[in-house]
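Protein chains in written order, with the numbering used here: chain A, 1 to 213; chain B, 214 to 553.
I should point out that these hints are in silico values taken from the structure, not numbers from a laboratory. No false leads were mixed into what you were given.
Estimated spans, in silico, between C-beta atoms of each pair: (1) I202(A) <-> D390(B): 25 to 33 Å; (2) R182(A) <-> S252(B): 37 to 45 Å; (3) P89(A) <-> R374(B): 48 to 56 Å; (4) D502(B) <-> N212(A): 49 to 57 Å; (5) K184(A) <-> V388(B): 57 to 65 Å.
We put the beta carbon where it would ideally sit given N, CA and C, even for glycine.
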Amino acid sequence: MISLLLDTSNQALSVAVNRDGKMIAEINTNYKKTHSETLVDNIQKVLSIADIKKNHIDRIIVAKGPGSYTGVRIGITVAKMLAKQLNIPIYSVSSLFVLAVSNHITGNAVPLIDARRGHVYGAVYNIQEDDYTEVIAPAYIEFSTLAADIDEGVFLLNSQEKITIDIDEYTHVTPRISEAERYKKALKLEDADQLVPDYLRISEAERNWQNNQ
Amino acid sequence: MSKDIKILAIETSCDETAASVIQNGHEILSNVVVSQIDSHKRFGGVVPEVASRHHVEAITHVIDQALSDADLEPADLTAVAVTEGPGLIGALLIGINAAKTFAFVHDLPLVPVHHIAGHIYAAQLEKPLEFPLIALVVSGGHTELVYMKDHMSFEIIGETRDDAVGEAFDKVARVIDLPYPGGPHIDKLAQSGEDTFNFPRGLMKEDTFDFSFSGLKSAVINKLHNYNQKGIEVNKNDVAASFQASVTDVLTAKTFAALEKYDVENLIIAGGVAGNSEIRSRFRSMCIDKNINLQIPELKFCTDNAAMIGAAAYHLYNKDHLADLTLNGRNFIDIEEYAF
Ligand SMILES: Nc1ncnc2c1ncn2[C@@H]1O[C@H](COP(=O)(O)OP(=O)(O)OP(=O)(O)O)[C@@H](O)[C@H]1O
Ligand SMILES: [Mg+2]
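Excised from the complex, chain A in its bound form (with noise of 0.2 Å):
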């Protein structure tokens, strides 16, 4: 089975194509280019390494959120497009989880995503070889809060994005899509029409017309 996977939700970019679970390509960026420029050209390209043909892939998978709002959703309408066009399913998963599997770390892992005035995107999943559980959702939350919540676990961040919260110790990590479909669990089937990102906050603006309500 040939799956086509892409991750835009933060600067960094990784699209890949696995055979039966296993990478066989992968473009991964790290670097402030918009992936509105460079998601599809990227996805042509990961194809044409891997040597695969657009109609033989057998179905997308698609990090949808959190992180940069526009970001999740180029790679989420990219995604829904290549579904419906090319007619195959279309799954997604949490983009905190594919940070945490990115290092081959197994224990605790707490990937991170900086969500400015001491705020992350954070969640916690024991991670096995093949399994894991997830110990803590994936939720918008004041970094000190987590942290407090956390016995023991390897923070993960993008040391190239900029990092506003106060941490003294993290692992570097970039997401590396390939390697989370070897987690079965995580993936969850989705309806192509239906889909959207997995924001987990609302507007701004809707939240300051909810406040006035």
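Starting from the known structure of chain A, arrange chain B with the ligands on it as the hints suggest.
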């Protein structure tokens, strides 16, 4: 094999998610528009982040619908067109990435389109454009007089120095407590009002084709404030009619002066404000008097839609103006640079 050019066009520059299939630049095989206005109303204007979120929700539905209404398969299409800009960047990116993916999967050429060129080419859905022409673009974000000597050739000969007309309509509507977007509501109230206030006509006496509407807007606001302080009840219908009369006077005066100076007999009025009944009727009767060939698109093609993008894309496709898969959105694109 037929030589008909069938273009799937996608438009997401603001608060409408739209897709359409246009054949040979003017035959509308389908035209789907999902408006987000009901969602943005509560904020009193379009909120970019909210708009982007709605586009993601609607995009695949809208494209499917456009194809099924046209009774076409992707293999029947010649090209995919999409609004490149100007517009809200986050909103544009949804249409652009959807269009790029569609073009990639089905191996179709990708045609990037300037949104305002689209507004102008809405006129072509009715009948072919005749050149040279002048287009008066009056929308939510633009007010300009554009001279076109041929297809896809644009020269801005006058533009607003401050507010766009649509913006002025919406701001004035807000001060008289009309819902967003206010343009159509002012239009309606004005029908049973009279120009009793005689508000200023911006830049009327100056030798320029530029426009200014902020003075008019302030005059309306000041007048209302004044009445309010004195406890005088204001007749909103008259406010609407007076405001609209001022706008129409300015638009007609500048446009006819431009037609005369450039010796042009073809006029197009484009953009959402071209839906205004007084603007339509005043231009119609003046054009008859002055022997000007006037084209105003049908109401539903004045506001944002994808049919107009498909109409413009036809010429860009013929001129081989294509983009590759790295196409990105641009929140501002000078239309004069968009000449091919
Ligand atoms: N009947 C009407 N009378 C006056 N204004 C109107 C009428 N109908 C629509 N409008 C105005 O048209 C504007 C919307 O037009 P349109 O959709 O072309 O603008 P936009 O797409 O937001 O801006 P742009 O095309 O410049 O990016 C709004 O300001 C609205 O109030
Ligand atoms: Mg518009």
